[in-house]
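Asks: Protein chains in written order, with my numbering: chain A, 36 to 572; chain B, 6 to 200.
Take the hints with a grain of salt, since some may be wrong.
Unchecked claim - Computed, partial: chain B to chain A, Cβ under 7 angstroms: (1) Asn-15; (2) Met-18; (3) Leu-25; (4) Ala-26; (5) Phe-30; (6) Gly-33; (7) Met-36; (8) Tyr-40.
In case anyone wonders, no lab produced these hints; they're calculated from the structure. Only a predicted model underlies this, so the values are computations on that prediction, with no experimental measurement involved. Each residue gets a CB set at the ideal place from its N, CA and C atoms; glycine is no exception.
One letter stands for each residue in the lines below.
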Amino acid sequence: MSTATHDATHGHGDAHGHDDHAHAHKPTGAMRWIGSTNHKDIGTMYLWFSFTMFLVGGAMAMIIRAELFQPGLQIVRPEFFNSMTTYHGLIMVFGAIMPAFVGFANWLIPMQIGAPDMAFPRMNNLSFWLLPPAALLLIAAQFAPGGGAGVGWTMYAPLTTQAGPAMDLTIFAVHILGMSSIMGSINIITTILNMRAPGMTLMKMPLFCWTWLITAYLLVASMPVLAGAVTMTLTDRHFGTSFFNAAGGGDPVLYQHIFWFFGHPEVYIIAIPAFGVISQVIPAFSRKPLFGYASMVYATASIAILSFMVWAHHMYTVGMPVEAQLFFMYATTLIAIPTGVKVFNWVATMWKGSLTFETPMLFALGFLFLFTLGGFTGLVLSITPVDVQIHDTYYVVAHFHYVMVAGALFSAFAGIYFWLPKWTGRMYDETLGKWHFWLSLIFFNVTFFVQHFLGLAGMPRRVPDYALQFAEFNAISSVGAFGFGLSQLLFLYVVLKCITSGPKAEQKQWEGADSIEWTHLPSPAPYHSFATPPVLK
Amino acid sequence: MNPGQTENANWRMFARLSVLALLMFGFGFAMVPYYKKFCEVTGITNLLQPNAKQSEITNSQVDKSRWVTLEFDANTHGMPWQFAPLQRSVRVHPGEMTQVEFQIKNNGSGALVGQAIPSYGPKQGAAFVKKLECFCFRQQALAAGETRRMPVQLVIDPALPANVNTLTLSYTFFEVPAADVKKSSAAGAANGKAG
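So here's chain A without its partners, still in its complex pose (with noise of 0.2 angstroms):
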């Protein structure tokens, strides 16, 4: 590994250098983040820029609700909703929730293993920059000629391959964004494996960090899939292959398959390092260790092997032998067991604990009851017979936001409020959370309970007009959403608050916090931490 100069003090002693700008202990300005190898500076990059995007996919999911808010076309041309329904799916997933959780990783995972850093921390740099030349590609399909392309998140075939110019982009921003999930899922094995520091064994690390590690090997074996798919799709796009053309010889159904083999672990990708955070902050706030940690271990492990076995469950209609809607109907309910062993588990720890009731424990129930919810709507869409019923209705959409909005979303709440005092040594302003938390609340079940309703009478997603049954539930839900999206801005204002001008934090902010980046580091953490490995006892 070849270093900056500042690496020294990683200890690796091999400091030397083309390093010719002068700076005492770390660069400044531009290029202290451009240039960054550490993994707090590269977090944070993370975590701000996961922030911009979710502004981004939450204005797109604006301009859906206004145009859902009654009937008829009234404010946008039915081909840019569709766009704006792809990428903001798209966005909000790749740009918002995945690299916010990969921020929380850098963060914490070094300073919660005792390591110095990440294992490979110029290519940790790479993995973070690749990240805004392929959100400018998404953003920048939006004015390809044609606009946007509007096929959906999933990107299906046939539509993929006839779609236009956009469509190029957003396969090159998928490339780029695999490339960067790729490269820092290797670097979070890698760091967990490698690099703990002595007496810190596999099974005692925060669970934070077997979720994380559980989450990488995911990624490492599910996005190339993704990668190959998108491939396939440029090559019948443009080189006359027919992996997906009928016409040729392929077959449209094909891409599905490949997609879900992907896209069904995507979905723990993004759930499993939230279970993480959850795990951390509960106990913290009952003031008891985590109930059941190595049954929280291997469950984790369980939903990540199942989540290989279950992709055709979104697929249920595309007219699979009944055999194998059969398998999978099973295989799936099968998730449902070690699932529950983790929310009983998180239950277990809070029973006769110390509760108090600040910010992160807050998102932390609120995590706990609405993903439990989407968890029961996601098991009433696995049985066949009532999923091809309600199959791309907006009962899915509840489903899912649920668990991605009120599941994933709440818990990086939960882990933003609960690190703020460590990462700045500032305190947020505990009022203004709890607001931002009970306004999140309200108008996240507003927005899409509602929507449960709307999908059981029969709405289908992704259509800009609906028929006049539907115009009640709409209007609420679309007021729900202008709601958490303006609370969503109080939330930035708490978090630029805290950083300016909250009260100084404590070394150990929260009582029950027992992991060693509360324990053994000051806050805010020091730029370079364990640079000599802590003593674990």
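Starting from the known structure of chain A, arrange chain B on it as the hints suggest.
Replies: Relative to the frame of chain A, chain B by itself:
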């Protein structure tokens, strides 16, 4: 572990994980032939091959428990036409679609218009022969020396009485008087049902 050892271990891990990522990229492409083969073997979404199982699709209207022999007979009445079925008889299941062909040749020196009239033996069999397509439905105009092959498509009604095992379908061509010749048939167009 000292830093050098860790670094080597890290790069070994990097290499292993990169290979895994590359293999998974290949796996996506390997799904293409695998999927094709899988569909071929299990017979689902097989778009490339002719549907081998088509003949096995059972038509519940066909009564496979019995055979009926259909015999064909062809005559002309006072016309210089040579008229014959291309097969003397066929064996069919009631309810099964059958197609047979007849051939006529105008041996006369001028164009003539004729129309075939069917008759059945036994006579009560007439109600059970369902003709979907027949040259007898319309007038046939033949120029001198012209030859024509004509199909008959029919289904025997499964309600055919059990004691009837053989049905004879007989056609006789009659000349159509000039006054009754339909313009369309004289022009050779195929419409108008006269039978």
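Asks: The structure should be examined with respect to each hint, and the outcome stated for every one.
Replies: Right, here's what the structure says about each hint:
The beta carbon of Asn-15 (chain B) is positioned within 7 angstroms of a beta carbon in chain A (closest approach about 5 angstroms), and the interface hint is therefore held. Hint on Met-18 (chain B) holds. Least Cβ distance to chain A is approximately 4 angstroms, under the 7 angstroms limit. The restraint placing Leu-25 (chain B) at the interface with chain A holds, with a minimum CB-CB distance near 5 angstroms, inside the 7 angstroms limit. Hint status for Ala-26 (chain B): holds, given a least beta-carbon distance of 5 angstroms to chain A, under 7 angstroms.
The restraint placing Phe-30 (chain B) at the interface with chain A holds, with a minimum CB-CB distance near 4 angstroms, inside the 7 angstroms limit. The criterion of a C-beta within 7 angstroms of any C-beta in chain A is met by Gly-33 (chain B), whose closest approach is roughly 3 angstroms, and the hint holds. Hint on Met-36 (chain B) holds. Least Cβ distance to chain A is approximately 6 angstroms, under the 7 angstroms limit. Here the hint on Tyr-40 (chain B) is kept, as its CB sits about 5 angstroms from the closest CB of chain A, short of 7 angstroms.
Hint violations for this structure: none, all hints satisfied.
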